[in-house]
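Number of protein chains: 2
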Amino acid sequence: MKEVNLNKHERLDDLLCNDMQIIQSAEVFSFSMDAVLLSHFCSVPTKGNIIDLCTGNGVIPLLLTARTKGNITGVEIQERLADMAHRSVELNQLQHQIRIDQGDIRHYHETCGYGQFDLVTVNPPYMRDSTGRQNINEYVAIARHEIRCTLEDVIAASSKCVKSGGKVAMVHRPSRIAEILMIMQQYRLAPKRIRFVHPHVHKEANMVLVEAISDGKPDVRLLPPLIVYEADHQYSEEIKRIYNENNMKVESCNEHEQQ
Amino acid sequence: MKEVNLNKHERLDDLLCNDMQIIQSAEVFSFSMDAVLLSHFCSVPTKGNIIDLCTGNGVIPLLLTARTKGNITGVEIQERLADMAHRSVELNQLQHQIRIDQGDIRHYHETCGYGQFDLVTVNPPYMRDSTGRQNINEYVAIARHEIRCTLEDVIAASSKCVKSGGKVAMVHRPSRIAEILMIMQQYRLAPKRIRFVHPHVHKEANMVLVEAISDGKPDVRLLPPLIVYEADHQYSEEIKRIYNENNMKVESCNEHEQQ
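Sequence lines, in order, name chains A and B. Read in order, the letters of the first sequence correspond to residues 979 to 1237 in the working numbering. Read in order, the letters of the second sequence correspond to residues 979 to 1237 in the working numbering.
Read the hints as simulated data drawn from the structure, not as lab findings. Incorrect hints may appear among the rest.
Stated by the list, open to error - List time: in silico DSS-like cross-link candidates among lysine-lysine, alpha-carbon distance up to 30 Å:
#	chain 1	residue 1	chain 2	residue 2
1	A	Lys1170	B	Lys986
2	A	Lys1170	B	Lys1181
3	A	Lys1181	B	Lys1181
4	B	Lys1195	A	Lys1181
5	B	Lys1218	A	Lys1195
6	B	Lys1195	A	Lys1195
7	B	Lys1141	B	Lys1181
8	A	Lys1195	B	Lys1181
9	B	Lys1170	A	Lys1181
10	A	Lys1218	B	Lys1181
11	B	Lys1025	A	Lys1170
12	B	Lys1218	A	Lys1181
Claimed, not checked - Estimated spans, in silico, between C-beta atoms of each pair:
#	chain 1	residue 1	chain 2	residue 2	range
13	B	Asp1061	A	Asp1197	56 to 62 Å
14	A	Tyr1117	B	Lys1195	37 to 43 Å
15	A	Arg1084	B	Asn996	57 to 63 Å
16	B	Pro1177	A	Asp992	56 to 62 Å
17	B	Gly1093	A	Asp1197	29 to 35 Å
Where a beta carbon is used, it is the ideal one built from N, C-alpha and C, also for glycine.
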């Protein structure tokens, strides 16, 4: 593994997936369980081209290298996060497979062309710009709130990047599910697989995973609920299995991050 | 309880909710667990006006009398089913609370006027007209397939019947959820509460309950999964509780009916 230069407030975490490490920062960006579950949920082509929009510190491209030999592009609008992602890719010597671009997803198709990707993944800002922006810095605000791109921007960009018959996989909050499914269909993305994540089996969902196919027919499989905790406050067998498949310690991601 | 005239192939079942009985027919219509769960799921006003579209043999209006003193209208396009529903209402001496109208939901607002109902319930035909119509008679076909009304017709009719701020509650198949949420929003119905029903916790959902509010903002609560069976093939505690709250034997509805 290469040496790494860490900036102020940055730390190096073991991703514990293929012995990878990742640069994180509590002040700027650290990944959450959402990214891990999306990386596990999406239908990954063994070869081909993948793009991760709103890639943050590049956690999803890094995790996807354990599932595919395909080329992965990560796009992040914030220069400081894109730089963290870029250094994590170099640190793990994955430059041959992952490319990080600093840029605006709303215009990225002008760089890469329409319909170039077999899979688009995205863990976008969850919150409408007007809600709950107290006490967070600008880096965190942009990652969590629809300041630089709206839900419609994210879906429109996904639709432009994906090839016909390709997949778009997104993680988001269940409160937005009606909008997500409506806007996807407006952008010719047919939702095909949906999975809700519930903290406990008796609790409301706090996360949703959606996969759509470009130019398909809407015909949804509503997968079994993904339950995070059992009654005894231990992680469920499935969560343990997901993290084990990634060779990843459950503790290594910040699941309590309120994006 | 009054005497009842049963037609050929009809039988009288105990609804076991407030000692009610209901006329059913395996050849024409018998209610399923879907109707029971919708009656339990919907937010019922204690007073006011309720309409049940596609009412079939009137099971939902009958069950709702256990939850409200409000006036309930049931609309059914098939004369033979509307007649069964009408006779069940008389049998239970509920004519003061339930009115059954034989008619087409697509034009019912011309009879009742726009925006007259606090709650609209609907358990519509689930299947696109083109799929799987083998080996069933015309009564059953119309109840199960979009022959006389499409999903959009059902949502449009609900939107015309409900008053601003009123609720629309629907039970349907999860495979249609993307269309349902899109069309609801197109008809100014904001989905607010969604609950998926899974046969087992590790199985895909086979039913979905959706409640929308007229002229509201889309902001969905995704309720805990409703699990029908436990690992030991027994009904879950929640299903038993729902049927007990209705004073209803689980066996009295045909849960295996493939609508």
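Consistency of the hints with the structure:
1. A/Lys1170 / B/Lys986: violated, 44 Å
2. A/Lys1170 / B/Lys1181: Distance ~16 Å between A/Lys1170 and B/Lys1181 Cα, so the pair holds.
3. A/Lys1181 / B/Lys1181: holds, 18 Å
4. B/Lys1195 / A/Lys1181: holds, 23 Å
5. B/Lys1218 / A/Lys1195: Roughly 37 Å between the alpha carbons, so the hint for B/Lys1218 and A/Lys1195 is violated.
6. B/Lys1195 / A/Lys1195: holds, 27 Å
7. B/Lys1141 / B/Lys1181: violated, 37 Å
8. A/Lys1195 / B/Lys1181: Status holds; Cα separation ~23 Å.
9. B/Lys1170 / A/Lys1181: The given pair, whose Cα atoms are some 16 Å apart, holds under the 30 Å limit.
10. A/Lys1218 / B/Lys1181: At roughly 19 Å apart (the allowed maximum being 30 Å), B/Lys1181 and A/Lys1218 satisfy the hint.
11. B/Lys1025 / A/Lys1170: Roughly 40 Å between the alpha carbons, so the hint for B/Lys1025 and A/Lys1170 is violated.
12. B/Lys1218 / A/Lys1181: Roughly 19 Å separates the two Cα atoms, so the pair holds.
13. B/Asp1061 / A/Asp1197: 56 to 62 Å: Once the Cβ atoms are compared, 36 Å apart, the range 56 to 62 Å for A/Asp1197 and B/Asp1061 is violated.
14. A/Tyr1117 / B/Lys1195: 37 to 43 Å: violated, 29 Å
15. A/Arg1084 / B/Asn996: 57 to 63 Å: With a Cβ separation near 58 Å, A/Arg1084 and B/Asn996 satisfy 57 to 63 Å, so the hint holds.
16. B/Pro1177 / A/Asp992: 56 to 62 Å: violated, 40 Å
17. B/Gly1093 / A/Asp1197: 29 to 35 Å: holds, 33 Å
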